[in-house]
Each structure stands twice: as C-alpha cells, then as structure tokens.
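Novice: If you want the building blocks of each chain, they are given just below.
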Amino acid sequence: MAVAVWVIARSRNLFGVVILAGIYSFLMATVLVAMDAVDVAMTEASVGAGISTVLFLGALYLSKSEEARPLQRPWLPLAVSLAVGAMLVYGTLGLPEFSDPKAPIHVHVVPRYLNEIKTEVDVPNVVTAVLASYRGYDTLGETTVVFTAGAGVVALLRRRRAKAGEQ
Amino acid sequence: MNLAPHLPALQVVVPLMAAPLTVLLRQRDLAYVLALIASWAAFIISALLWLQVEATGTISYAIGSWPAPWGIEYRVDRLSAFVLVLVAGVAAVVLPYSRASIETEVPRRQHYLFYTMFLLCLAGLLGITITGDAFNIFVFLEVSSLSTYVLIALGRDRRALFASYQYLIMGTIGATFIVIGIGLLYLMTGTLNLADMGRRIAAVQNTRPVLAALAFLTVGISLKLALFPLHQWLPNAYAFAPSAVSAFLAATATKVAVYVLLRFYYSVFGQSQVFARLPMQEAMLLLALAGMFAASAIAIFQTDLKRLFAYSSVGQVGYIILGLSFNSTSGLTASIAHLFNHGITKGAIFMLLGCVVLVMGGTSMARVQGLGKRMPLTSLGIVVCGLSLIGVPGTAGFVSKWYLLLAALEKGQWWLVFLIVASSLLAVAYVWRFVEAAYFREPRKDVVGSGAVPWSMGLPAAVLVAATGYFGLDTSFTVGSASRAAALLMEGLR
Amino acid sequence: MTGSGHFSYFVTVFLMVAGLFIVIARSNLIKKLVGLGIFQTSVYLLYIAPGKLVGGTAPILSDAFSVYSNPLPHVLILTAIVVGVATLALGLALVVRIREAYDSIEEDDILARDAAPGPIEQDP
Amino acid sequence: MKNDLVLRVVAKLLIPFILLFALYVQFHGDFGPGGGFQAGVILAAAIIFYALIYGLDRARRVVPEPLVESMMAIGVLIYAGVGVAGLVLGGNFLDYFVLDPNPVLGQHRGIFWVEVGVATTVSGVMLKIFYMFADRGKVDE
Numbered sequence: 001m002a003v004a005v006w007v008i009a010r011s012r013n014l015f016g017v018v019i020l021a022g023i024y025s026f027l028m029a030t031v032l033v034a035m036d037a038v039d040v041a042m043t044e045a046s047v048g049a050g051i052s053t054v055l056f057l058g059a060l061y062l063s064k065s066e067e068a069r070p071l072q073r074p075w076l077p078l079a080v081s082l083a084v085g086a087m088l089v090y091g092t093l094g095l096p097e098f099s100d101p102k103a104p105i106h107v108h109v110v111p112r113y114l115n116e117i118k119t120e121v122d123v124p125n126v127v128t129a130v131l132a133s134y135r136g137y138d139t140l141g142e143t144t145v146v147f148t149a150g151a152g153v154v155a156l157l158r159r160r161r162a163k164a165g166e167q
Numbered sequence: 168m169n170l171a172p173h174l175p176a177l178q179v180v181v182p183l184m185a186a187p188l189t190v191l192l193r194q195r196d197l198a199y200v201l202a203l204i205a206s207w208a209a210f211i212i213s214a215l216l217w218l219q220v221e222a223t224g225t226i227s228y229a230i231g232s233w234p235a236p237w238g239i240e241y242r243v244d245r246l247s248a249f250v251l252v253l254v255a256g257v258a259a260v261v262l263p264y265s266r267a268s269i270e271t272e273v274p275r276r277q278h279y280l281f282y283t284m285f286l287l288c289l290a291g292l293l294g295i296t297i298t299g300d301a302f303n304i305f306v307f308l309e310v311s312s313l314s315t316y317v318l319i320a321l322g323r324d325r326r327a328l329f330a331s332y333q334y335l336i337m338g339t340i341g342a343t344f345i346v347i348g349i350g351l352l353y354l355m356t357g358t359l360n361l362a363d364m365g366r367r368i369a370a371v372q373n374t375r376p377v378l379a380a381l382a383f384l385t386v387g388i389s390l391k392l393a394l395f396p397l398h399q400w401l402p403n404a405y406a407f408a409p410s411a412v413s414a415f416l417a418a419t420a421t422k423v424a425v426y427v428l429l430r431f432y433y434s435v436f437g438q439s440q441v442f443a444r445l446p447m448q449e450a451m452l453l454l455a456l457a458g459m460f461a462a463s464a465i466a467i468f469q470t471d472l473k474r475l476f477a478y479s480s481v482g483q484v485g486y487i488i489l490g491l492s493f494n495s496t497s498g499l500t501a502s503i504a505h506l507f508n509h510g511i512t513k514g515a516i517f518m519l520l521g522c523v524v525l526v527m528g529g530t531s532m533a534r535v536q537g538l539g540k541r542m543p544l545t546s547l548g549i550v551v552c553g554l555s556l557i558g559v560p561g562t563a564g565f566v567s568k569w570y571l572l573l574a575a576l577e578k579g580q581w582w583l584v585f586l587i588v589a590s591s592l593l594a595v596a597y598v599w600r601f602v603e604a605a606y607f608r609e610p611r612k613d614v615v616g617s618g619a620v621p622w623s624m625g626l627p628a629a630v631l632v633a634a635t636g637y638f639g640l641d642t643s644f645t646v647g648s649a650s651r652a653a654a655l656l657m658e659g660l661r
Numbered sequence: 662m663t664g665s666g667h668f669s670y671f672v673t674v675f676l677m678v679a680g681l682f683i684v685i686a687r688s689n690l691i692k693k694l695v696g697l698g699i700f701q702t703s704v705y706l707l708y709i710a711p712g713k714l715v716g717g718t719a720p721i722l723s724d725a726f727s728v729y730s731n732p733l734p735h736v737l738i739l740t741a742i743v744v745g746v747a748t749l750a751l752g753l754a755l756v757v758r759i760r761e762a763y764d765s766i767e768e769d770d771i772l773a774r775d776a777a778p779g780p781i782e783q784d785p
Numbered sequence: 786m787k788n789d790l791v792l793r794v795v796a797k798l799l800i801p802f803i804l805l806f807a808l809y810v811q812f813h814g815d816f817g818p819g820g821g822f823q824a825g826v827i828l829a830a831a832i833i834f835y836a837l838i839y840g841l842d843r844a845r846r847v848v849p850e851p852l853v854e855s856m857m858a859i860g861v862l863i864y865a866g867v868g869v870a871g872l873v874l875g876g877n878f879l880d881y882f883v884l885d886p887n888p889v890l891g892q893h894r895g896i897f898w899v900e901v902g903v904a905t906t907v908s909g910v911m912l913k914i915f916y917m918f919a920d921r922g923k924v925d926e
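Chains as they are written, first to last, in our numbering: chain A, 1 to 167; chain B, 168 to 661; chain C, 662 to 785; chain D, 786 to 926.
Among the hints, a few may not be true.
[Claimed, not checked] Negatives, chain B to chain C, calculated, CB over 12 Å: (1) L188; (2) R193; (3) A208; (4) S232; (5) A327; (6) E449; (7) L452; (8) V559; (9) K578; (10) F585; (11) V602; (12) Y606.
[To be verified] Derived lysine-lysine pairs resembling BS3-like cross-links, with alpha carbons at most 30 Å apart: (13) K612/B to K540/B; (14) K118/A to K102/A; (15) K713/C to K102/A; (16) K118/A to K713/C.
[Claimed, not checked] Computed footprint of chain A on chain B; a stretch qualifies when at least three of its residues, placed anywhere within it, have a C-beta under 8 Å from a C-beta of chain A: (17) 215–222; (18) 276–282; (19) 341–355.
Please keep in mind that the hints were generated in silico from the structure rather than gathered at the bench. Built from N, CA and C at the ideal position, the CB exists for glycine as well.
Working from the sequences, and respecting the hints, build out all of it.
Specialist: Written as structure tokens, this is what we have:
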C-alpha cells in the first residue's frame, strides 16, 4: 500500500494514478478483511476499486490525462502534513494497545449489541442490525447524502439548452 | 395522534422528506410551494421547541426508541433551541426571496433542484444542531456541505465552479479532521453520545488522545466556520454563489459551525481536565484578534461588495470566538447573542445585495456608484445593516458588542476594550466605502440598471433589516436566550 | 507500550500524511481528489483496527464462536465510505464543469485566468 | 464494442446472474455481509455493464432517465416513510418495534424496508451519475 501511495504522489500520468488508486483500494479491502470487517471490506472493494475508478476514468475521459507541471515548492505542504501526522502520532501513542479486550470501546455500549441482539432484533449480522436499527438514523442521513450527491450531479452536469449561462 | 412529543424528529424530517418530493415533482412552481411549506413548518416547529425548552428544560428524544448511548439521541437544550430558531427563521425568510432571485441567476430547468438542495442544506444544518450524537453530527454536516457545494456551483459566474471546488476540498479536509477527532474520543470513551462522552471523559487516565482529539476537532471545525487563517474558501464562495444562497449561508452555515465548537468544548471537553491545562483561551484570543483586524482590513480594499461583506464575515466570526475565549458566562452570552445578531444582519445584507445584482447586474464598486438615487430603499437598508456591523447603538450589532465589552471589563482587560473599539473603526471604514460610492458619486454612464426590485424580494429583505433594528432595541429574546444558554454551558464545566 | 501494539496506528498516520500532502501540494484537480480519497481511507483504519480482537471473528453471530470483533466501528466506517464516494462524485462533476469553463484542470492556470477582471468590474 | 457478438452473448448470459446476485446480497444481508448499499451498487453495475455493451441509448430505453431520477427520491422516501410509519403507529421516529405486534418481527420488517430504500436510492444515484458523465462525453466529441 505504501508503494502505491508513493507512486501516486510522484506520478504525473493521471491514468496510472487512477488505476493505482484502485489497486490501493483493493489492498485496503484485504487489510479490512484481516481486521474482521467483512462488510466494510465488501463496500470498500466495490466503492473504492469499482465506482471510484469508473468515475475517475469517466472524468479523465472528459479532460486531459496528463498532469501539466511537476511538483513545485513542496516544502510548506510537506511541513503541514507532517505536523498533522505528528499530532496524530502524539494522540495515538496514548490509545489502548492493539487488540486489548479491556479497551473502552469493547466494554461500553457494544456488549449490549452483541449480547442482547438475539432478543431485541434477532438478526445474526450485527453490523446490519446496528446499521439499520440501533443507528438507523445515521443510515437515513447516509442515504440522504447519496441522494444529495446524485441530485447535485444532475444539477451540475445536465445539458443546458443554450450555453448562455456564462458571462 | 399527538405530534408534540415528536417535534424534535419532525424538525429535521420535514425538510428532509420534502427534498426528494421536489425531485419527484420535477416542476419548479410546485417545488417552490412545497419548499415554502416545509421551511415554514420547520420554522414553526423550531419556535414551538424553543417555547417548550424555555418552559420545561432540555428535551431528549430517542430515535428508534433505543435508549441513549446505544441509539441516536436528539437533544434540544437552550443553546440548540436558540440556534434552531435562527437557522429555520432565516430559511423561512430567504426561501420566498429566492424565487425571484434565482430567476436571473440560475438556469430555469435547474430551479426545482435548487429547492431540493436548499431543503437538504436546511435539513443538514438543523440536524447538526439538534443531534446529541457525535457521529450523527458528521453525517448531517456532510448533508449540508454537499448541498452547499452544489448551491454555490449554481452561480452564473464560472468562478463559482472553482470556488465550489475549493470549498469542497477544504470542507472535506475539515470534515475528515472532525471524524478523526470523534474517532479518538470514541476510542477513549467507547461511546458516541455527546452527553455520555462528556461524563466518561473525566475518568480517562491517559489524556494524550483527548488532547489530540481536541486539536483535530478545533482545526476541523475552524475550517468550517472560517476562522482566520482558515477562511480562504469563504470570500469566493459567498461572492460567486447565487444571492439567495449567499444570504442563507452567511446567516447560518458558519453559525452552526460555531455551535458545534461550543457543543464539543463545553459539553464534552468541559468535564475533562484537558481544557484547563492547555493555553486554549490564549490561542483562541490571538486567532480571534487576528481575524478581527486582518479580515476587516482586507475587506476595506475589496472592489466588490459581496467580497467586501464576505471578508467582514470572517472578521465578525472573530468577535464570536473572542467571547468564547473569555470562558465566562458573560463572554459566552456575548458570543451566542452575536451569533444570532450577526446572522440576521449578514443575511439582510446579502439579500439586499441580491436586489442590487438583479437591478444593476453586479455588485462591483463601479456598478453601485450613485445607488442612493437609483435604489434609495435598498441603499438605506444596506447602510442600516452596516451600522449594525459597526455596532452603532440602536442596532442588533451594538447589543452583542456591548456585552462583549462588558465581558472584557469583567476580566479587567482594558486593552481588549480598546482593541474591540479599534476594530470597529475598521468596520466603519469598509461600510464607509459603500456609503461613499452610493451617496457621494454620480452613477456611471456605462452602467445601466434595469427593472425594479420585485416585492417578493424586497419584503423578506425588509423583514430582516427590520429585525436587525428590532433586536437592537428589544433584547429580551436574544440576550435572554443567550444568557440562559451560556449559564447552561458553564454549568457543564462544573 | 510497545511498537507492535501501535503499528496499525503508524500505518494510518503514514497514509494520512501522504494523502494530505497530495491534496495540498498538487495543482491538478483530479490528483487532489485522489489524495483526498487516500486521506479519508486512512481514517477507516484508525476506526477499524482498534475494533479487532485477536482470536475474534467477524461480527456475524453463530453458535460456533464467542469472541467477535467490535461491530460499531464497522457501521460508522460504512457510512464514512459512502459519504466519501458521494463527495468524490460531486467533486468530479465539478472538475468536468471546470474543464469546460476554463479548458484546464490545473489550479495555477485557473487562478491566472481569473486574475484579469473585465473593464467594468475595475475600480474607477 | 456494440457489434461484438461474443460480448453480447456473454453479457446476455451474465446480466441475469448479476441481478440475481444483487438480490442475494440485498436479502441475505441479515445473515452474511451485504445489505442495501452493496446491493444497490451491484444492481447499478449490471445496468452500466449493459449500457457499455449495448450502447447508452438502448440502456436508456430499458431504464429510462425519469425512472432513475425518481428512484433516487423514492428510496429516501421509503426510508423516511418507515420512520414516519413508526410515528403513526405510536412509537418514536424510526421505531420498528411498533411495526408488528411482535416487536422482534417488527424489527425485521423495519430493517427489510429500510434496506430496500437504501438499495433503491443507491442504484438510482449510481446510474444517474453514470448517465450524466456519459452524456457529457458524447456531446463533447
């Protein structure tokens, strides 16, 4: 994954970049499976490697596929990103260890999902149950976001009868 | 069926469901009527909620009947009820205005989608304000952001597209920062409910992740509220968006971001010792002052009125953050009151500028020369709102600045009093630029205005201008609500 | 506090720095969106990794297992992925429109083209 | 690609299976990974595949644009409608317990309809975005 990201940052061929981004998504999905997040992995594979790539290629087809200029003056952005990274390192060093069953996220809130689900919802896939029922409102928001994007793309890309919109 | 206990859910669901209906109708007049009904319903609901909260205190509503830390909770307290009234109220005024305004600024076929986006943006902003769940804030933040990007890009100038793109990049970075912050908090407390988080955070032993979360949330939200120096997206976005959109966003979007900041600071981090250990107050104070002076100074040199007042917004956000940095009840009162007062003032200004765009074709200094004769009422309105931005007694802006001064005095910081007055002089300078062009110059020969302002635009704008004056004289609603909300927030700290 | 206990966090940080760097440093509009995607993906790991329990299985209940990984982060990240792709679609639509209006997708070019205002917009 | 016989035959064979798989993912989401979002994506992918092989116009005839645009809206309405149904039947918003005399069955029913709503919106939006991008390209040439 690191290699893919490194090449993405360096390369100026946008086509290659997009394909690499797709591969990167697949690798990410693999990692997610290893983390037991099968639902997320499935979504990441279909969204990251599937939809995103198609969208990118579509957009590339409509524009140029070569980045005009090589990187210039990268030091300020690099400093900003590294500062943000340092902040995150600082924060994560205090987080519970990997796979610590006593971490707060494993002892609070979640046990009810895992233990009571049989009597309350009775759906074996806990992710589905939490997604659609316990936190169903988030998912309504998510659906609304998708709808917003769809209607937004229509608003932006629908052909106008005359090109009189611009000054 | 009794609807009263379900008002919190309906507050968001009404505009949210009206939005897809407008797409199904596909017809701009029907869409307009529907949007009008939905936004007025939202306003009435927010008013009822405000009354209910004032009478009985915080309302909690469990969505899906799942109790709080497991399900998502809607939580209306004094602060959120106040912000709800502001957002829904401005939307109810801007929507009738938008019909005539977008006529010239947005292609006809897209009108119904304009209303869809407007409703979604409204639902998103209301959803952020009313929810008591950290991740739900992010979801509705994205609903409002995505619709905002589209609304801005509907502007007729091609620069609107690029402004929208820049906002999309900055906004998404901000939102991702917020997600990282929420994630760190979740990892340390195991909960996503804000109130629960606030209770459990006090017991967290290792405070480093909490510090990092504070930093990420602050930066992320500051991007959204355009705190200097993270404001770069705002002037272009406001300047090139359709006028109705500028008015709505200027009055509400940054204000809701301020609300989120207050919510995290006082309801979540308030309980932790982290807050006391950091020089947050000093940092906020510096940024606020930098914003007040730098942005106001930049505003003076703008050649376009929309951009001028957009920079003025960045400066005014500085006052709000300044009040916050005092970390006292009176400082917060000033902040919350200014949030409301500045919201309606800026809303009114951008609505009036929309009228100018309609008649004069633009808002550059060259076009508004001699506007005092050409459009006397509109010019007068802009001047009144300008006085409110400066903080002249008798206007809404004066009230909140007065409380800000009192809060500074309470801290015994005389130099701050001096600085607040000095920055108001900068506001005098940029408002004067308009006055000079509109009243002391002859209209340019090459600028020909056409038509008059339709009443559907003039009346809503007049309502907001009148409100700017009214809340300058009668402060029982604004300062009253603000001080009670501030007291509630400070209580959370103890 | 060992290095291995926090390895997953370091991966997250690396991805995040790289993504953010691409967004800020590159001038090409599409490249920026790719970077934005990587930046967002890094957050997925931040949420998901701590939810994993060694010896646990995916949170699909059955009688054969008793230890499950934490499902709540999965739910949140599902939402985050969807939001991410929605943003991406909108961003790309904007890029397409920008290219039509400016005939360029380079930030510098676009800024240069807007620098010269029309005659009437200038200050007299 | 439009005239390639092999592609056409393969597509004809494959598309029903893709659609079937989408339905499987949709309704099996309770037991295994999957759910409305993934199903919606697969559904849209099947039709995009069809459009790539047989051309945009034929795809438009099978799945016309107004239908797609309505799907985007209807999905959200189904979802929110389930919520309102909870309200009407005396519960809170999005309360599935009241959807059936047996609360657990009510949960099942709620989740089912909610997932249908998600799938409808997602597939509608994906298709619409595809149509939009494809349209822009065609006139540009």
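Novice: For each hint, tell me whether it holds in the structure or not.
Specialist: Hint check results:
Taking the minimum C-beta to C-beta distance to chain C, about 20 Å, the non-interface status of L188/B holds against the 12 Å cut. Non-interface status of R193/B relative to chain C is upheld: no Cβ of that chain comes within 12 Å, the nearest being about 20 Å off. The beta carbon of A208/B sits about 27 Å from the closest Cβ of chain C, which is more than 12 Å, so the claim that it is off the interface holds. No Cβ of chain C approaches the Cβ of S232/B within 12 Å, the least distance being about 18 Å, so the stated non-interface status holds.
With 12 Å as the threshold on Cβ separation, the claim that A327/B sits away from chain C is violated: the shortest Cβ distance comes to roughly 9 Å. With 12 Å as the threshold on Cβ separation, the claim that E449/B sits away from chain C holds: the shortest Cβ distance comes to roughly 27 Å. The beta carbon of L452/B sits about 27 Å from the closest Cβ of chain C, which is more than 12 Å, so the claim that it is off the interface holds. Interface exclusion of V559/B from chain C stands, the closest Cβ pair being 27 Å apart, more than 12 Å.
Here K578/B stays apart from chain C, with its beta-carbon at least about 37 Å from theirs, past the 12 Å limit. At roughly 32 Å, the least C-beta separation between F585/B and chain C is larger than 12 Å, which holds for a residue marked as non-interface. The Cβ of V602/B sits about 16 Å from the closest Cβ of chain C, beyond the 12 Å cut-off, so the non-interface label holds. At roughly 16 Å from the closest C-beta of chain C, the C-beta of Y606/B stays outside 12 Å, upholding its exclusion from the interface.
As the CA atoms of K612/B and K540/B are separated by approximately 14 Å, the hinted pair is consistent with the 30 Å bound. Using a Cα cut-off of 30 Å, the hinted pair K118/A and K102/A holds, with the two alpha carbons roughly 24 Å apart. With a C-alpha separation of about 12 Å, the suggested pairing of K713/C with K102/A holds against the 30 Å cut-off. Distance hint between K118/A and K713/C is fulfilled; the C-alpha atoms sit about 22 Å from each other, no more than 30 Å.
Figure legend: the segment 215–222 of chain B, annotated as covered by chain A; annotation inconsistent (0 residues with Cβ-Cβ distances under 8 Å, at least 3 required). Note: the segment 276–282 of chain B has 4 residues with beta-carbon separation from chain A under 8 Å; the three-residue rule is met and the coverage holds. As drawn, the segment 341–355 of chain B meets chain A at 5 residues by the rule of a beta-carbon pair under 8 Å; at three or more, the given contact holds.
Consistency note: the structure conflicts with the earlier hints numbered 5, 17.
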